[in-house]
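Student: The residues making up each chain are set out below.
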Amino acid sequence: MAIESEVLVIGGGLGGLTSALAAAREGADVRLVSYKQSTLRQASGLVDVLGYTPDGDGPLTNPYEAIPSLPESHPYRKVGVQTVRDALSLFDDAVPTYEGEHTETNALLPTHGGSIKPTARYPAGASAGLASDTRDTLLVGIEEMVDFDAPHVAAHLDATGVPFDVRGETIRFPGDLRADAKVTRYAKLLDTNSEVAVRGRMVPAREALAQRVNPLLEDEDRVGFPAILGDDNPGAIRDALGDRLGVDVFEVPMGPPSLPGLRLEDALFAALDEAGASIETGNPVVDFEGEDRIEKVFIEKNGAKIPNSADQYVLATGGFVGKGVESDREGVYEPIFDCHVPHAEDRYDWFEGQLFGDHEFARYGVATDDDLRPLDASEHSEFENLRAAGSVLGGYDFAAEKSGSGVSIATGYAAGQRAAQEAR
Amino acid sequence: MSDAETPPETEFDPVAPNTGEEFEPVDVFPDSDDFDLRPGADSCYKCSTCDTNCPVAEVDDDFPGPKFQGPEQWRLKQSDDDYTVDDSVMDCSNCMRCDNACPSGVPLSQMHNTARGEYVSEQMDKLSVEYIRNRILANYRTSAFFASKVPRLANFAMNFGPARWVMEKTLGVTSERDFPEFARQTFREWWADRGGQAASRENAREARERRGLPEDADKKVAYFHGCYSNYNTPEVGKAMVRVYEEFGYEVVAPEQKCSGTPMFANGMLDDARRHAETNVSSMSELVDEGYHAIASCTSCSMALRQEYPELFDIDGIDKVAENTFEAVEYLRIHEDLKGEVQAADVDGELAEEFAYHAPCHSRNQGLDRQAVELFRDLDGAEVEDVGDSCSGISGTYGWKEEKYEKSMEIGEEMFEHMEHAEGDTGMTECPTCAMQMEHGSGYEIRHPLELLEAALVE
Ligand SMILES: Cc1cc2nc3c(=O)[nH]c(=O)nc-3n(C[C@H](O)[C@H](O)[C@H](O)COP(=O)(O)OP(=O)(O)OC[C@H]3O[C@@H](n4cnc5c(N)ncnc54)[C@H](O)[C@@H]3O)c2cc1C
Ligand code: SF4
Ligand code: SF4
Numbered sequence: 001m002a003i004e005s006e007v008l009v010i011g012g013g014l015g016g017l018t019s020a021l022a023a024a025r026e027g028a029d030v031r032l033v034s035y036k037q038s039t040l041r042q043a044s045g046l047v048d049v050l051g052y053t054p055d056g057d058g059p060l061t062n063p064y065e066a067i068p069s070l071p072e073s074h075p076y077r078k079v080g081v082q083t084v085r086d087a088l089s090l091f092d093d094a095v096p097t098y099e100g101e102h103t104e105t106n107a108l109l110p111t112h113g114g115s116i117k118p119t120a121r122y123p124a125g126a127s128a129g130l131a132s133d134t135r136d137t138l139l140v141g142i143e144e145m146v147d148f149d150a151p152h153v154a155a156h157l158d159a160t161g162v163p164f165d166v167r168g169e170t171i172r173f174p175g176d177l178r179a180d181a182k183v184t185r186y187a188k189l190l191d192t193n194s195e196v197a198v199r200g201r202m203v204p205a206r207e208a209l210a211q212r213v214n215p216l217l218e219d220e221d222r223v224g225f226p227a228i229l230g231d232d233n234p235g236a237i238r239d240a241l242g243d244r245l246g247v248d249v250f251e252v253p254m255g256p257p258s259l260p261g262l263r264l265e266d267a268l269f270a271a272l273d274e275a276g277a278s279i280e281t282g283n284p285v286v287d288f289e290g291e292d293r294i295e296k297v298f299i300e301k302n303g304a305k306i307p308n309s310a311d312q313y314v315l316a317t318g319g320f321v322g323k324g325v326e327s328d329r330e331g332v333y334e335p336i337f338d339c340h341v342p343h344a345e346d347r348y349d350w351f352e353g354q355l356f357g358d359h360e361f362a363r364y365g366v367a368t369d370d371d372l373r374p375l376d377a378s379e380h381s382e383f384e385n386l387r388a389a390g391s392v393l394g395g396y397d398f399a400a401e402k403s404g405s406g407v408s409i410a411t412g413y414a415a416g417q418r419a420a421q422e423a424r
Numbered sequence: 425m426s427d428a429e430t431p432p433e434t435e436f437d438p439v440a441p442n443t444g445e446e447f448e449p450v451d452v453f454p455d456s457d458d459f460d461l462r463p464g465a466d467s468c469y470k471c472s473t474c475d476t477n478c479p480v481a482e483v484d485d486d487f488p489g490p491k492f493q494g495p496e497q498w499r500l501k502q503s504d505d506d507y508t509v510d511d512s513v514m515d516c517s518n519c520m521r522c523d524n525a526c527p528s529g530v531p532l533s534q535m536h537n538t539a540r541g542e543y544v545s546e547q548m549d550k551l552s553v554e555y556i557r558n559r560i561l562a563n564y565r566t567s568a569f570f571a572s573k574v575p576r577l578a579n580f581a582m583n584f585g586p587a588r589w590v591m592e593k594t595l596g597v598t599s600e601r602d603f604p605e606f607a608r609q610t611f612r613e614w615w616a617d618r619g620g621q622a623a624s625r626e627n628a629r630e631a632r633e634r635r636g637l638p639e640d641a642d643k644k645v646a647y648f649h650g651c652y653s654n655y656n657t658p659e660v661g662k663a664m665v666r667v668y669e670e671f672g673y674e675v676v677a678p679e680q681k682c683s684g685t686p687m688f689a690n691g692m693l694d695d696a697r698r699h700a701e702t703n704v705s706s707m708s709e710l711v712d713e714g715y716h717a718i719a720s721c722t723s724c725s726m727a728l729r730q731e732y733p734e735l736f737d738i739d740g741i742d743k744v745a746e747n748t749f750e751a752v753e754y755l756r757i758h759e760d761l762k763g764e765v766q767a768a769d770v771d772g773e774l775a776e777e778f779a780y781h782a783p784c785h786s787r788n789q790g791l792d793r794q795a796v797e798l799f800r801d802l803d804g805a806e807v808e809d810v811g812d813s814c815s816g817i818s819g820t821y822g823w824k825e826e827k828y829e830k831s832m833e834i835g836e837e838m839f840e841h842m843e844h845a846e847g848d849t850g851m852t853e854c855p856t857c858a859m860q861m862e863h864g865s866g867y868e869i870r871h872p873l874e875l876l877e878a879a880l881v882e
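As you go down the protein sequences, you meet chains C and U in turn.
Counted the way this note's numbering counts, the first sequence spans residues 1 to 424.
Counted the way this note's numbering counts, the second sequence spans residues 425 to 882.
These aren't lab readings, by the way, just hints derived from the structure by calculation.
Please read all numbers here as calculations on a predicted model, not as lab measurements.
Where is the CB? At the ideal position from N, CA and C, for every residue including glycine.
Certain hints may be false.
[As the list claims (entries may be wrong)] Straight-line distance between alpha carbons at most 27 Å, and here's what the computed DSS-like set of lysine-lysine pairs gives:
(1) 470(U) x 117(C)
(2) 305(C) x 743(U)
(3) 470(U) x 323(C)
(4) 296(C) x 681(U)
(5) 501(U) x 305(C)
(6) 550(U) x 681(U)
(7) 681(U) x 662(U)
(8) 470(U) x 501(U)
(9) 323(C) x 78(C)
(10) 681(U) x 743(U)
(11) 305(C) x 323(C)
(12) 117(C) x 78(C)
(13) 662(U) x 501(U)
(14) 323(C) x 296(C)
(15) 743(U) x 296(C)
(16) 550(U) x 501(U)
[Stated by the list, open to error] Chain C is nowhere near these chain U residues, computed Cβ spacing over 10 Å in every case:
(17) 506
(18) 525
(19) 557
Next up, chain C with everything else stripped away, as it sits in the complex (with noise of 0.2 Å):
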């Protein structure tokens, strides 16, 4: 026997998370199996779809007008503009709490890093903070945590030209947390509103944060926190310290490890949860059997095999941050189903001199048809039972052009949908 199902997901990133809810929605018995935790975690929580072209020309207005002149190559152009726009209705539909479907056009939101970044979708907490929003602006930066220097955040964002004014402030998180707090630590103490001590006397911990910055609040109508505003209840912690100040409260999308990223993860486990779908974490896809077709996979478990087998398969095992896709000095590869990585012979030539310069490894994936089938040496589909999505594809260079999110929803979407349709 084998554990069984109609569309089997392999990654729990982004591009699998979308590929397992758009097949299950369209009524397919499906399994996610994914290894580790998602690239998620460390990505901002921003839902990009372009926002420059690959030839560096932007920030973009409108990313689904520069769609069709992306190369052939591109998934975008694989799936075509339409997919993408379903597949972002699909995602809004799961995440009713990111913004950004009003419009076609890209928003600007502030980076940590003091720039301003064209993204298609962001969630609710960012939004008062839109750079395109001309209300005055303080940023509270918390003393322990070096990765958000708001002073220094704010003069970027100043030189860059936006159409307010941004001041930031340096603030001691109330209850002397230790240096290198976690995250989680910030989003529980918030979340659970436990009490900490300020000058001896134990004071909730969200009414402590706003009274350390009530007084350095001048005529700002709008204040932004780096994403640490609790886990579960971000939009009740965001209310509370707002109520306090009088201003909107917004956050921040930070570095990693990324609360925003980790509430999006969240959200898509749940809705896949609510459609229906079996979901499996913790243990890797090794091996396959099959011919032309796959017929099952193993997942390994601490040295035993475990078989699963699907009629449709998806491949959404992430780029090489995820493990989707390997190299050594020989050359690159897909690990589990080594399907063909098109690259240069010359190890020399994956990468450019300059750290930030053109290198040809950030597109390197496997390339597939129309139909996402990864396709071998010879252009040919490797299986006709397997679809890939997400950053495991190749002909696309995430980082810069910043569609990561993009990609992998809209191909999971297709993937998952195909897959879906051909397993009834």
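Assemble the complex: chain C is given as a structure, and chain U with the ligands must be docked to it using the hints.
Tutor: Using the frame of chain C, we list chain U with the ligands on its own:
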């Protein structure tokens, strides 16, 4: 005895551990100052994903988190000869959540277990109250063994107010908690009374006949019941036996000791190894004979599957790890469990809405969703997941006086979700999570195997 029942020629006794001539345990730590935290340390790229998963770092200001405890501490040890393991490693609850998180496959819990072993063996005062207390808590099996001889007296004495006050004051065992009750009859006593392996073989044979399976189908499992289902909740062990027999499996209950989980968590690696040796020797010969090792406690299966091979080099250890499964998981792989559950229904005592909590150690084996998904289509019962937080007790962690508050703070989210869940009965695979759930909510707690028994066994 008929011919069919004649045991094979060998001396093989599935119930006794194989402590024969060939058996020679090898020590990974030849001398105790040779702990190596290294494996995988270099793969860490400091993304801090592990830190966002640590339930202790979430509530404890003094705990620097898994990234520090593991790879960073290892680097410090390498660069500074005088660096000794930081005492904060004793605050890690060994929930192993960090392990499951790391995208780079750094074996964090292994690093913590070895660091803790080094700390306890080299830095901890063996006469200190903390050491003695930890040792008593870690060796639960020994106390349980004696208590089970006089269960009524033990149940009374262990929860006797003045005695508990003394335990808290002198030993640092919190008096907030009730000690688990000892069963009047242990699982093993029940098993022996019932006729042991011979009875199981007969039951399995009848079930195979009923199901139209071949007479000689190779279906046999060795049950690792662990301490808790033996001394405290034998109903779980009985459910395991009955469910397996129902599917035509012959069950044996080999000699066994504690899985070692509480010992790992307290840095008592020598104690853990002694127990592991018995367990591995017991199980490894059975595995050779075609048995699979089945556990109903997710910390026990975790220990046999992952922690043993990570920490010890005992003959047969990898083979045992590869052939160990959690009880429901095994049936999901080998039987059409889903189909049978869909066709079944429950009434009576277990026709309930359950508030289910997935133990951290089940999460780490990829089993955290199993009960919820399996019982989705079962008529008469409902299983609702109460979220993915840690229960907070983490075995012995929540029994320590100085950790009690933190343990309850970690569990807060689970208690809240339980309260909001439809049902007033809890469900989990882990005995200590069950204690915490009961303590925080007042609910009675059942094991998925009990529900499976109610659904599938006549
Ligand atoms: C630091 C960082 C910052 C980013 N910031 C942004 C941003 O601001 N905006 C934006 O739009 N995008 C951003 N991205 C990109 C975006 O997060 C990713 O492109 C997207 O999340 C990738 O999703 P994925 O599902 O394709 O892959 P991943 O998230 O990598 O997920 C792959 C999953 O597959 C699993 N897996 C791997 N191998 C196996 C196996 N053998 N068996 C089973 N499972 C397996 C992994 O454990 C993992 O869970 C960022 C990425 C990084 C790394
Ligand atoms: S085992 Fe649990 S408590 Fe210990 S460091 Fe890892 S996540 Fe934290
Ligand atoms: S999750 Fe792994 S790679 Fe990331 S900081 Fe922790 S140990 Fe290092």
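Student: If a hint holds in the structure, say so; if it does not, say that too.
Tutor: How the hints compare with the structure:
1. 470(U) x 117(C): holds (25 Å)
2. 305(C) x 743(U): Cα-Cα ~13 Å, so holds.
3. 470(U) x 323(C): holds (16 Å)
4. 296(C) x 681(U): Not OK: residue 296(C) and residue 681(U) at ~38 Å, beyond 27 Å, violated.
5. 501(U) x 305(C): Measuring from Cα to Cα gives roughly 36 Å; hence the hint is violated.
6. 550(U) x 681(U): holds (24 Å)
7. 681(U) x 662(U): holds (19 Å)
8. 470(U) x 501(U): OK: residue 470(U) and residue 501(U) at ~17 Å, within 27 Å.
9. 323(C) x 78(C): holds (23 Å)
10. 681(U) x 743(U): Roughly 19 Å between the alpha carbons, so the hint for residue 681(U) and residue 743(U) holds.
11. 305(C) x 323(C): Distance of about 20 Å is within 27 Å: holds.
12. 117(C) x 78(C): At roughly 26 Å apart (the allowed maximum being 27 Å), residue 78(C) and residue 117(C) satisfy the hint.
13. 662(U) x 501(U): violated (48 Å)
14. 323(C) x 296(C): Holds, at roughly 21 Å.
15. 743(U) x 296(C): Holds - the C-alpha atoms of residue 296(C) and residue 743(U) are around 24 Å apart, at most 27 Å.
16. 550(U) x 501(U): OK: residue 550(U) and residue 501(U) at ~24 Å, within 27 Å.
17. 506: holds (22 Å)
18. 525: violated (5 Å)
19. 557: Consistent with the label, residue 557(U) stays out of reach of chain C, its closest Cβ about 26 Å off (over 10 Å).
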